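K.L.:
Reading the sequence shown from the start, the letters are residues 1 to 298 in UniProt numbering.
Hints are computed from structural coordinates only; laboratory data are not their basis. Remember, it's a predicted structure, so these values are computed and weren't measured experimentally. Where hints are given, some of them may not hold.
[To be verified] What follows is a set of in silico ranges between Cβ atoms, one per label pair, in the way DEER data are often shown:
id : residue 1 : residue 2 : range
1  : GLU162    : LYS87     : 23 to 29 angstroms
2  : LEU136    : LYS44     : 26 to 32 angstroms
3  : LYS63     : THR117    : 34 to 40 angstroms
4  : SER184    : LEU111    : 48 to 54 angstroms
5  : THR276    : LYS145    : 29 to 35 angstroms
6  : SER194    : PRO54     : 44 to 50 angstroms
7  : THR255    : ASP108    : 27 to 33 angstroms
8  : VAL68     : LYS90     : 20 to 26 angstroms
9  : ASN144    : LYS86     : 30 to 36 angstroms
10 : ASN27     : GLU122    : 26 to 32 angstroms
11 : LEU146    : ASN26     : 30 to 36 angstroms
12 : LEU136    : ASP88     : 22 to 28 angstroms
13 : LYS256    : VAL68     : 24 to 30 angstroms
No residue lacks a Cβ here, since even glycine has one placed at the ideal position from N, Cα and C.
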Amino acid sequence: MALNHNILLEVGTNEVELVEFVINNNNKDFNFAINVAKVREVLKISYDEITPMPNSNIEGMIKIRDIVIPVINLKKVLGLYTDDYKKDEKIYLLHCYFNTLHVSFIIDKVLGIQKVTWKMIETGGNLVTEQGNVKLVGVVKLPNKLIQLLDYEQIVANVAPELLENKLSNIEEIQDTDLQLLQSKKILFAEDSSVIRNVLKSLCNKHNLNAVIVKNGQELISTFKQYNPDIVVTDIEMPIIDGLTATKLIKQMNTKTKVIIFSSMYSIENEKKAKTVGIDAFVAKPDLVQLIETMKKL
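Starting from the given sequences, assemble the full structure and let the hints guide the process.
P.N.:
Next comes the structure, spelled out in structure tokens:
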């Protein structure tokens, strides 16, 4: 089942579509979700189509339309794994694309697509808990169930760090001279992924940038009012208020503030839609060198 990943809903509505899926452990279903924009397709395959790899969390590699893609077993990552798969057993894969990476996740079944508002996704210290070795970035509270949103960037960083490290390796290319123009600017970052937040913190500390980093859209708006930054860099996916809705609010408060979307959901179509709320630039995550160059030009 292929999915349309140019699916930013009408911008500024604070809505998102999620692929809801289930992982079963001892006959108990656990409900999880991922932004439909990150999912290329849902595949049903035989387990023996996966080429094994000597890693407890990476099941192996699979070739999908001439692309070799790592397979991560979410059941193992979340500590919900019981028996080994039989060689000819049918399994479901979520083929995903984010942070310019192709990756797939083993799940038990897909329930469908949920359309929710970011206000329905609760976050905070009491909800950002450990599920196995993975942080939750939020929980969708529906009348009859809870759906957990995982930090998929952290999963990839923990299970196969070399994949994300290859994408972030160009951070070492950034020198103080590259950031001299920005050291006089007040910068506000909004990022819900702990992995990217930590990279941004390291970058700002190393180069003495006058920056504040927040983890959701509500914090972005409240901090913006107090901090009055020159530049805002925000993800799209964020609990409570998404980055595009936040951009719309920011531009209503101060049209002079420059807003950059730094997102794993880059496409030409999504960039066009994001410009309708007044963004000044759209940079594909996790290209930090390009992000710095874009900030310098604004």
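K.L.:
Range hint 20 to 26 angstroms: satisfied by the CB atoms of VAL68 and LYS90?
P.N.:
holds, 21 angstroms
K.L.:
Confirm or reject the claim that ASN27 and GLU122 have a C-beta distance inside 26 to 32 angstroms.
P.N.:
For ASN27 and GLU122 the Cβ distance comes to about 28 angstroms; the hint holds.
K.L.:
For SER194 and PRO54, compare the CB-CB distance with the range 44 to 50 angstroms and indicate the outcome.
P.N.:
violated, 27 angstroms
K.L.:
Using the C-beta atoms of SER184 and LEU111, is the stated range 48 to 54 angstroms upheld?
P.N.:
holds, 50 angstroms
K.L.:
May I ask you to test the hint 27 to 33 angstroms on the CB atoms belonging to THR255 and ASP108?
P.N.:
violated, 48 angstroms
K.L.:
Lying within 23 to 29 angstroms: is that true of the beta-carbon distance GLU162 to LYS87?
P.N.:
holds, 28 angstroms
K.L.:
When you take the CB atoms of LYS63 and THR117, is the distance between them in 34 to 40 angstroms?
P.N.:
holds, 38 angstroms
K.L.:
Against the range 22 to 28 angstroms, how does the distance between the Cβ atoms of LEU136 and ASP88 compare: consistent or not?
P.N.:
violated, 34 angstroms
K.L.:
Look at the Cβ atoms of LYS256 and VAL68 and judge whether their distance stays inside 24 to 30 angstroms.
P.N.:
violated, 47 angstroms
K.L.:
Using the beta carbons of THR276 and LYS145, state whether their distance is inside 29 to 35 angstroms or not.
P.N.:
Taking Cβ atoms as reference, THR276 and LYS145 lie about 34 angstroms apart, which means the hint holds.
K.L.:
For the hint 26 to 32 angstroms, verify it against the beta carbon of LEU136 and that of LYS44.
P.N.:
holds, 27 angstroms
K.L.:
Quick check: does the Cβ-Cβ distance between ASN144 and LYS86 fall within 30 to 36 angstroms?
P.N.:
holds, 33 angstroms
Hint compliance for this structure: hints 6, 7, 11, 12 and 13 are broken, all remaining hints hold.
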